[in-house]
Amino acid sequence: MNGFNEQFFISIVIIAIGYLLKRMNIVKEKDGEGIARVIFNLTLPCLIIVTFNDMEFTPSLFYLIVIAFIYGVFNALAGLFVFRKHSKDMKGTFGMMVPGLNIGLFAYPLVEGLFGFEGLQYFGMFDVGNAFIVFGLSYIIAGVYAGNAGMLETRSIILKLAKSIPLQTYLIMCLLNIFNFSLPDEVLNVTSVISVANMPLSLLLLGLYLNFSFAKGYGKLLSKFLLTKYGIGLISGFACYVWLPVEDMFKFTLLIGFILPTPASVLPYAIMFGYNQRMVGTASNLTMMISFLLIWCIVNIVV
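Residues in the sequence shown are numbered from 1 upward in steps of one, following full-length UniProt numbering.
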C-alpha cells in the first residue's frame with residue numbers, strides 16, 4: 001500500500017506542476033490541445049501496442065468490452081430520465097456527460113503506475129466498449145437535443161469512430177493477437193520508448209486543464225448530475241466487486257472504471273452543438289477532482 005500511495009503522490013505532484021506552469025504563464029491552457037493530440041495520436045497508441053502485443057486473450061477480457069458498452073447505454077438512459085423535466089438544452093448537456101468515461105487520459109497514467117501492463121490490459125479492453133459510447137452515443141445525444149439531428153448521419157458517426165486512432169489501435173492489436181502475429185522487434189523498441197512519455201504527459205495535461213473557477217448559478221443542476229453519475233457508478237462498482245465470481249483485476253477494473261470522470265470529448269461537443277461551455281467545463285473539472293479523491297479512498301479501503 002505504501003507503493004500505491006507513493007504513486008498517487010507522484011501523480012498529484014505532476015498534475016500540480018502542470019497547473020503551476022499554466023498559472024505562471026509558462027504554458028497556456030490552449031497549448032493543452034496540442035499536447036492532447038500528441039497523447040491520443042502517438043503516446044497512447046504506442047502504449048496500447050506495447051501492452052497488447054504479447055497479451056493472452058481470455059473470455060473475461062472480451063466481457064469488459066460488452067460491460068462498458070452496456071453500462072454506457074444504461075447511464076445514458078438514466079441521465080436522460082433524471083433530466084427529463086428540464087429543457088432540451090439541459091437534457092442534451094447532461095445526457096452527453098453522464099455515459100462516457102475518461103479512460104485514456106485520466107485512468108491510463110494512474111493504472112500504468114499502480115498495476116503495470118496487467119492493469120492496462122484490463123482497462124484497455126474496457127476502453128474499447130467505452131469508445132463506442134464516447135464517440136457514438138454521447139455524440140448522438142448531444143446532436144439530437146441540440147436540434148441538429150441533420151448532423152447525425154450514420155456516415156458521420158462511423159467516421160468519428162474511425163478517426164479515433166486509439167480505438168483503431170485497440171482493434172488492430174486485438175486482431176493481430178488473435179491470429180498470433182507479433183510485431184517486429186524494431187517496431188516494439190520504438191513504440192516502447194515513446195510509450196514511456198504517456199503517463200507524465202497525461203498528468204501534466206490534467207494539470208493544465210485543472211480550473212478552480214467554476215460557473216455560478218448551476219449548483220442544483222451540477223449536484224443532480226454528480227449524484228446521478230457517481231451514485232450509479234459507486235453502486236454498480238461495489239455490486240460487481242462483491243458479487244461477480246471473477247478475478248480480482250476484473251472486479252477492480254469495474255470498481256474504478258465506473259467512477260472515472262467525464263471524457264475529454266464533452267467540451268468539443270459542447271462547442272460543436274452550442275451548449276453552455278462554461279457549465280460543461282465546470283462539470284468536467286468537478287468530476288476529475290471527485291474521481292481522483294474517490295479512487296484514492298477506495299483503493300486504500302479495498303486493496
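Hints listed in this document are in silico derivations from the structure and should not be mistaken for laboratory results. Fair warning: there could be bad hints in the mix.
Here are the simulated lysine to any residue pairs, SDA-like style, with alpha carbons at most 20 angstroms apart [as the list claims (entries may be wrong)]:
1) Lys-251 / Glu-118
2) Lys-224 / Ala-76
3) Lys-85 / Lys-220
4) Lys-85 / Tyr-218
5) Lys-220 / Tyr-230
6) Lys-163 / Leu-42
7) Lys-85 / Thr-228
8) Lys-91 / Leu-137
Note that the coordinates shown come from a computational prediction; the quantities given were computed from them, not determined experimentally.
Inset, instruction - Would you mind confirming whether the straight-line C-alpha gap from Lys-85 to Lys-220 stays at or under 20 angstroms? - result: 14 angstroms, holds
Legend entry - Holds or violated: Lys-224 to Ala-76, with C-alpha atoms at most 20 angstroms apart: Since the Cα atoms of Lys-224 and Ala-76 sit roughly 14 angstroms apart, the hinted pair holds (cutoff 20 angstroms).
Inset, instruction - Mind checking the alpha carbons of Lys-251 and Glu-118 for me, to see if they're no more than 20 angstroms apart? - result: The hint holds at about 13 angstroms.
Legend entry - Satisfaction of hint between Leu-137 and Lys-91, Cα-Cα up to 20 angstroms: With a Cα-Cα distance of about 14 angstroms, the restraint between Lys-91 and Leu-137 holds, given a limit of 20 angstroms.
Legend entry - Pair hint outcome, Lys-163 versus Leu-42 [Cα-Cα no greater than 20 angstroms]: The hint holds at about 13 angstroms.
Inset, instruction - Would you mind confirming whether the straight-line C-alpha gap from Lys-220 to Tyr-230 stays at or under 20 angstroms? - result: 15 angstroms, holds
Legend entry - Pair hint Lys-85 and Thr-228, alpha-carbon separation not exceeding 20 angstroms: 15 angstroms, holds
Legend entry - 20 angstroms limit on alpha-carbon distance, applied to hinted pair Lys-85 and Tyr-218: 16 angstroms, holds
Every hint from the earlier list agrees with this structure, and none is contradicted.
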